[in-house]
Amino acid sequence: MSQKRPDLEHILTRGVAEIIVEEEFREKLASGRKLRLKLGFDPSRPDLHIGHGVVLRKLRQLQDLGHQVVLVVGDWTGQIGDPSGRDETRTLLTPEEVKANAQTYMEQFFMIVDQEGTEVRWQSEWYEGFTLADVFNLASRFTLGQLMAHETFRKRYEEGLPLTIMELMYPLLQAYDSVAIEADVEFGGTDQKFNNLAGRELQKMMGQPPQDVFLVPLLPGTDGRKMGKTFDNTINFVDPPDKMYGKVMSITDEMLITYFTLTTDLPDGEIEEMSRALEEGTVNPRDLKMRLGREIVTQFHGAQAAQEAEREFIRIFRERELPSKIVSHSIDALLAKRLVDVLVDVGLATSKSEARRLIQQGGVRLDGERIEDVNHMVTVEREIILQVGKRRFVRLVPGK
RNA sequence: GGGCAGGUACCCAAGUGGCCAAAGGGGACUGACUGUAAAUCAGUUGGCAUACGCCUUCGGAGGUUCGAAUCCUCCCCUGCCCA
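Residue numbers for the first sequence follow the working numbering, so the first one is 1 and each next one is one higher.
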């Protein structure tokens, strides 16, 4: 990602939830020492979304000031699963899966963070040889009361949901990572506060200078809830330009300013102006959203791709024309087939019942013409565009 | 080891012999509206069938009954209390 170097003040204030302890961190920065910036991840769900991007951009900016990123691959904690979600124990991953996921994660991670200035460390480096004595040593440092101060633990316990000892161990392992790599600062979303502070405590107990904790706000997903895979409301690093742009357009209007603040480096003044214009109603939120879409797509795919994505969006949704790229599907030209079957065959419906329902609801069009007859037959003698809803198209071509 | 409360469709959650393919909410999908894939409103949401209807589903396996998500038996899983 290319951008002009934001100054330190911008880095420390824009899109920052909390820095603990801020004064301490500023002193470290001022010392001229090359700081070790820790970020850990669990290779359980490899796909990164722009919510993760918020913290990665911070890392990159500090990296550009000469500091060292230390990426901790949680190949052990990844097996436990961060209990931060309300779900109970996650399924354990095989070592192969962990490895593959980690690989994918890192490819995406380095789309923003500079690989040269990053030290990658695997937890297994220090946990492989961990003995029961080491576990006791670690476990003896924390009390149940401390762990129960963690909201997710407390909530699950009080609601009578299952909570394993292994899960309670999660923060301890993450904390020990900080000791192992001698972190100066740990980064994370606000949901990581507890875990990161545990690292700070543990370092003190083990005679290391305590790390500071740098927390960024969580970016809401496209539907306003917490961005995450479970809600299917993420905008992913690997989303192709069109999709990425479209997803940005689908965020609710209220989130616009939050998105500008957290995912772009537009000057604060400019964002304030937008905010004012929105309140006064002197600007169409859609236009700002389009600007946001361009900004975000540009970060991952470049300015040209962003422009193309925008053109495509206008074409389909404003002018209601066909997208420029449509998946083709060949259909036997000799036979008249039932439309319901075709819908299932090309994957626009998962069952005939669903296909029938779509037709009944007026959601199916052939060459732009709405089909209302559930028993409609199609013969593909030439190319026909089959459409479901506003944005799912398939080109039917004659074949054998 | 004992007692109690639970395990329902994608998720949460009602239902305690037939009116149950199973309330309600969330999500998803479709439609209307819209200078947005925003907001709002409406509809749909197990499968097969043009349709009458048929089939599969309520932790698992058996059983009672004309008929079970609902009753009985055993088993598995979760939480709480007692030891």
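You may find that some hints are simply not true.
Claimed, not checked - With a cut-off of at most 30 Å between alpha-carbon atoms, the simulated DSSO-like pairs for lysine-lysine come out as follows:
#1 243 x 155
#2 352 x 325
#3 155 x 204
#4 204 x 337
Stated by the list, open to error - Have a look at the derived ranges for each label pair, beta carbon to beta carbon:
#5 366 x 166: 49 to 59 Å
#6 379 x 347: 50 to 60 Å
#7 351 x 130: 19 to 29 Å
#8 124 x 257: 34 to 44 Å
#9 232 x 131: 39 to 49 Å
#10 367 x 347: 16 to 26 Å
#11 116 x 231: 33 to 43 Å
#12 250 x 369: 20 to 30 Å
Keep in mind the hints are simulated off the structure, nothing from the lab.
Values in this document were obtained by computation on a predicted structure and should not be read as measured data.
Glycine included, C-beta positions come from ideal geometry on N, C-alpha and C.
Verification of the supplied hints:
1. 243 x 155: The given pair, whose Cα atoms are some 37 Å apart, is violated under the 30 Å limit.
2. 352 x 325: Cα-Cα ~26 Å, so holds.
3. 155 x 204: 28 Å, holds
4. 204 x 337: Roughly 72 Å between the alpha carbons, so the hint for residue 204 and residue 337 is violated.
5. 366 x 166: 49 to 59 Å: 55 Å, holds
6. 379 x 347: 50 to 60 Å: Check failed, 20 Å falls outside 50 to 60 Å.
7. 351 x 130: 19 to 29 Å: 50 Å, violated
8. 124 x 257: 34 to 44 Å: The hint (34 to 44 Å, Cβ to Cβ) holds, given that residue 124 and residue 257 are roughly 42 Å apart.
9. 232 x 131: 39 to 49 Å: 42 Å, holds
10. 367 x 347: 16 to 26 Å: 19 Å, holds
11. 116 x 231: 33 to 43 Å: Given a distance of about 35 Å, which is inside 33 to 43 Å, the answer is holds.
12. 250 x 369: 20 to 30 Å: With Cβ atoms ~27 Å apart, the hint holds.
The structure fails to meet hints 1, 4, 6, 7 from the earlier list, while all remaining hints are met.
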